[in-house]
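Asker: Sequential numbering from 2 applies to the sequence shown in my numbering.
It is possible that part of the hints are untrue.
Here are the computed lysine-lysine pairs in the BS3-like style, where the Cα-Cα straight-line distance is at most 30 Å [stated by the list, open to error]:
(1) K124 <-> K280
(2) K306 <-> K214
(3) K124 <-> K158
(4) K280 <-> K146
(5) K107 <-> K166
Just so you know, these hints were derived from the structure itself, not from any lab.
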Amino acid sequence: MDLKIDYSSKPLVDEKLDALVVFVAGNTDLRGNGLNGLPRVLKKPIASAIDLGVFSGKQGTKHHLVTGDATWKQALLIGLGPLDKLDGERLRRAAGKIGQSLSCLKADTIGVLVTPTLRKSGKLPLGTVLAEGIQLGAYEFKEYKTQDEDSPKKSAKIRICDPHKLTDLKSVKVGAVLAEATNSARTLGNTPPNDLRPQQVAEHAQALAKQHKLKCKVLEEKDMQKLGMGMLLGVSKGSEEPAKLIVLEYRPAGAKQTVALVGKGITFDSGGISLKPGKSMDEMKYDMCGSAAVLGAMSAVAQLKPKVNVIGVVATSENMPSGTAQRPGDIVTAYNGKRVEILNTDAEGRLVLGDALAYTVDKLKPDAIIDLATLTGACVVALGHYIAGAITNNEDLMRQLQSAAQRTGERVWELPNDPDYSEALKGAHGDLQNIADGGAGTIIGGIFLEHFVGDTPWVHLDIAGVAWGVKSIDYHPSKSATGFGVRLLLDLLQQWRPLKS
């Protein structure tokens, strides 16, 4: 859907709207919701709906009113739940309900009323949270449907109506940029693997660089061979599609610090010779969602212009079985010279990321690195589908990331980085092996990656559980990539401060 979001601080009576969205907190009347200033034609039916208990304001609920009035034809009530529990994430989810409802509102211009009760909604500006939620909630991936009877509405105009001047146009525009970048990451993740292979990922990055005037470099397999990227090349051996290592650079004038974002981009993961079970293998197109988040973030970086250098690095390949594929038992040499025993070809993400991380540290010399990867099924077992796992070698960097997670609702949970776990990765015949016996799979995967970052401050985000298929969050579509990480990374970069030594 073509969605345009704008802002107005005019009195509500001066607005020309086809429908009005009103947020209603639970267990309160019109006065408690700051709605006494509504036009009379809307005030009476909304008050009746609340007083009669037809609509309670419970979180996640909505109620559509048709007034019959020529000026104020419709109202959509969105429940916030108890006011004392209102925060930015609750408001974002409520706004997501608006996005989901656009096709059922027969309206061209829809107002979203900002009232004083929304002041409690967290640390981000109201306009940013509302624009994010609405645009994220409206997302649909229907590029491959020849008929779309469910969503006949192709466009809509949303106006954030703010007569109390609680937010501003700039905040709304920031939210729209973040949502658009997240939706672009979703679309990359959702694209079927026959149409999104490493070459297409590289072409997307090049187009993004051209559009936003970023520097772009694409390393081909011949370049990787010269550089000694044996892990990335090993994963790629089973596919006819050559791997790519993509580097995007944003360098504003005067910036002294550099943050690198590194994404895993396995465009289809069959498991290789260590073949995955057939059930749900179609979802392995989502194994490039870490790289999608990095590319989406770079798009937003170019538009929002944080005062820090940002480098996006994407290691992209397919992991396929064939007569030329990497075998369990192979030993490969990583970019940093370490010899790695391949015990399971389905633990490939850490291999492509390891070479990408080592290259980033050696050639690009960032002050900090965040990597994102759908790395382990163990993370889904440990944390489910709502929180990403994280491992770090720098607690100050982790604290900054946790603060960004609280503001954006893209939550992360730190897992222990204990030296005892490293013992399990010592190879019998090489320096390292790519899996370990026993449990702690997510921790082991992260600690493997730590061997390739040296002393550079680093956080690894395992997004296997949060990258797709998240349910019961109103701004996430079902059976879809989520775009997790784009908003988290942008918040971190916009609030960036040099790390404590």
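Asker: State for each hint whether it applies.
Answerer: Hints and how they fare:
Restraint check for K124 and K280: the C-alpha separation of about 42 Å exceeds 30 Å, so the hint is violated. Restraint check for K306 and K214: the C-alpha separation of about 12 Å stays at or below 30 Å, so the hint holds. With a CA separation close to 26 Å, the supplied pair K124 and K158 stays within the 30 Å bound. Between the alpha carbons of K280 and K146 the distance comes to roughly 24 Å, so the proposed pair stays at or under 30 Å and holds.
For the hint linking K107 to K166, the alpha-carbon distance of about 28 Å falls within 30 Å, and the restraint holds.
This entry does not satisfy hint 1, going by the numbered hints stated previously; all others are met.
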